[in-house]
Amino acid sequence: MNAARRVLPVDDAPLLEAERLALKVGERWLCCEFSLSLAAGECLVLLGPNGAGKTTLLHTLAGLREPTVGEVRIGGLPYAAWPALEAARFRGLLAQQQPDPFAASVLETVLVGRHPHLGRWGWEGPQDVAIARAALESVGLAGFEQRDVQTLSGGERQRVAIATLLTQAPRLFLLDEPLNHLDLHHQIAALDLFQRLVREDGAGRGSVLVLHDINLAARYADHIILLDGRGGVMAGDRDTVLRADLLSQAFGHPLRRIEHAGRAVFLPD
Amino acid sequence: MPAVALRGESRLSPAMRCRRSPLAIAAVLLSAAAMALLWALVAGELPVAATDVFAALAGEEGMGATVIRELRLPRALAAFACGGLLATAGALMQVLLRNPLADPYILGISGGAAVGALGAMVLGAAVFWVDVSAFAGALAAMLLVFGLAHGDGSWTQTRLLLTGVIVAAGCGAAVSLMLALAPDTRVMSMLFWMMGDASAASRPWPALAVLALALVAVMPFARDLNVLARGELTARALGVRVGHLRVALYVLASLLTATAVTLVGSVGFVGLVVPHLVRLALGNDQRVLIPAAALAGGTLLTLADTAARTVMAPQQLPVGVLTALIGVPVFLFLLSRSPRGTP
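Chain order of the listed sequences is R and S. Those letters in the first sequence? Residues 1 to 269, per this note's numbering, in order. Those letters in the second sequence? Residues 1001 to 1343, per this note's numbering, in order.
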């Protein structure tokens, strides 16, 4: 690849920063101005009711949407300063939907994640295949390489998408409802997997997750952004945002906070 | 891996088969193309031996040589170019619209060309002006669809598809109107134009050049197309410049279609089915699919055109009818063999 054009992230810059960010869709403000900063080793969870703008915010953080106000930076530089392929090696997105209009093997699908790592004329080599196979193994899909993605169950398809993201090997994982279609066992396995990757020493990784489950957010998040669906934003450390009163207000249903085995659990009344 | 066994593993992925030997695929397709072209030069009312064909191409004089050089060769090359152009355009449209049912005509390009060509025919224009008019009509349809679909800056697949289908329907109505109003003496040639007819194609080289240039232009971006087929959002996140790529795809596929339709008329079926045949046989890697579709499409149409002029000689059949007659059973056979039941 062309090393000459390589943009190196600014040393010691946070993985992800949003400065005075505000988003408007049509005539509706999804969130008022707020700022955030995510360092390596940290996990940020976006919470909020349906239609609050979690996905829109995530896409903005992924650089796929212009913020209405403010700026998003990854590795200390705004998206405009990143060549598209360079950015794709730094941050990766797990989209909410995985359309498969054409038949393709699982291995081929996962190898798509190598795209930003290959040159214009490059073909996936044995090394890329090894990376893809390792990714499939880490989501429990070893042996599925030759299966057609169109024959997979929803949960298996979701794990293929996660494996594709792992194959892309970005430093910043942006996950839109990564637990979609997954059963409980695979939900925890997926969250554990990303936690391990993010906590790994010296890897410099971080993650932003859109989740629906408040209790899983309480278990895995370092920081939380809570969108209340009316333009209000609560951003901060897990324990400052995960309060029963704030959550009840945002989700429109009373919640109760219970301490169990040293862990906060929220139950709907 | 009991789970895998229980669900019934589909056969070895075609794509993995082809990853093993792109060269073997190229060799098979190239020799098939060569055989088809050779047959097109040999077959006909004036029998010629295969050895004489090479002598004729080398510049030998004589009756047989003249027939081969002046009649059969341009026609065979025109059919080959047209088939290659349509199959390539179809493959590109299917990725652009991410719809396996897309074909080169779905966005109204051939409709525009037909309006242009038939309009010129109604007026009694010479062949050259019919061609010019067809190409102009195709470009007009392309710009119209693009302008309407692009209207507010966003252009989703659905919007592009609907705009194209409606423009195609409008063109179809205009064509029917012209057929109804045209003098009886011209209706037959108009119908033949619409079904596709390579007999009048005397200048195949520009079309072959367009096909070659298009392949050269597309191949560096073939892996981007693989990513685009996974959805716009994923493609953008993986660093593909989706906006530029889609406009380029649309313009390129439209130009290829316009060239093919101008050369031979709107031959049906090749553009829809050849990409599917190739996909069923070799998988959906665009780096293999696009050049393979170009070769296979050219081969299919060369065969169909040769059959069209020899099967019921001296009666000539419209080649578009033959492509459908050959293609439909082959496609249905492959589909029934396919483990998934969907192409």
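These are calculated hints, taken from the structure and not from any lab test. We treat Cβ as the ideally placed atom computed from N, Cα and C, and that holds for glycine. Hints are not guaranteed to be accurate.
[Said to hold, decoys possible] Just the calculated beta-carbon pair ranges, DEER-fashion: (1) R/Glu200 - S/Ala1217: 50 to 58 Å; (2) S/Gln1157 - R/Ala81: 40 to 48 Å; (3) R/Asp245 - S/Gln1157: 55 to 63 Å.
[To be verified] Just a few of them, taken from the derived set where beta-carbon distance is under 8 Å, the chain R residues facing chain S: (4) Leu64; (5) Pro67; (6) Val69; (7) Gly70; (8) Val72; (9) Ala80; (10) Ala81; (11) Ala84; (12) Ala104; (13) His115; (14) Leu216; (15) Arg219; (16) Tyr220.
Practice problem: Using Cβ atoms only, decide whether alanine 80 of chain R comes closer than 8 Å to chain S, and label the hint accordingly. | Solution: This hint is violated: alanine 80 of chain R lies away from chain S, its Cβ roughly 14 Å from the closest one there, beyond 8 Å.
Exercise. Return holds or violated for the Cβ distance of aspartate 245 of chain R and glutamine 1157 of chain S against the range 55 to 63 Å.
Key: 45 Å, violated
Quiz prompt | Supplied contact hint for valine 72 of chain R, tested at 8 Å Cβ to chain S | solution = 14 Å, violated
Quiz item: When the nearest CB of chain S is found for leucine 64 of chain R, is that gap smaller than 8 Å?
Solution: Where the cut-off is 8 Å and the nearest Cβ of chain S is about 5 Å from leucine 64 of chain R, the hint holds.
Quiz prompt | Evaluation of the interface hint that places alanine 104 of chain R against chain S, nearest CB under 8 Å | solution = 5 Å, holds
Quiz item: Does leucine 216 of chain R meet its interface restraint, that is, does its C-beta lie within less than 8 Å of any C-beta in chain S?
Solution: With a minimum Cβ separation of about 24 Å from chain S (threshold 8 Å), the hint on leucine 216 of chain R is violated.
Quiz item: Holds or violated: is there a CB of chain S closer than 8 Å to the CB of valine 69 of chain R?
Solution: Result: violated, 20 Å to nearest chain S Cβ.
Quiz item: Once the shortest beta carbon distance from arginine 219 of chain R to chain S is found, is it less than 8 Å?
Solution: Cβ of arginine 219 of chain R sits 27 Å from chain S, so the hint is violated.
Quiz item: Against chain S, is glycine 70 of chain R within 8 Å by beta-carbon distance?
Solution: Cβ of glycine 70 of chain R sits 21 Å from chain S, so the hint is violated.
Quiz item: Per the hint of 50 to 58 Å, is the separation of the Cβ atoms of glutamate 200 of chain R and alanine 1217 of chain S within bounds?
Solution: 43 Å, violated
Exercise. Closer than 8 Å between Cβ atoms is the bar; does histidine 115 of chain R clear it against chain S? Give me holds or violated.
Key: Where the cut-off is 8 Å and the nearest Cβ of chain S is about 5 Å from histidine 115 of chain R, the hint holds.
Quiz item: Does alanine 84 of chain R pass the interface check with chain S, least Cβ-Cβ distance below 8 Å?
Solution: This interface hint holds because 4 Å falls under the 8 Å limit.
The structure does not agree with the numbered hints 1, 2, 3, 5, 6, 7, 8, 9, 10, 14, 15 and 16 stated previously, though it agrees with the rest.
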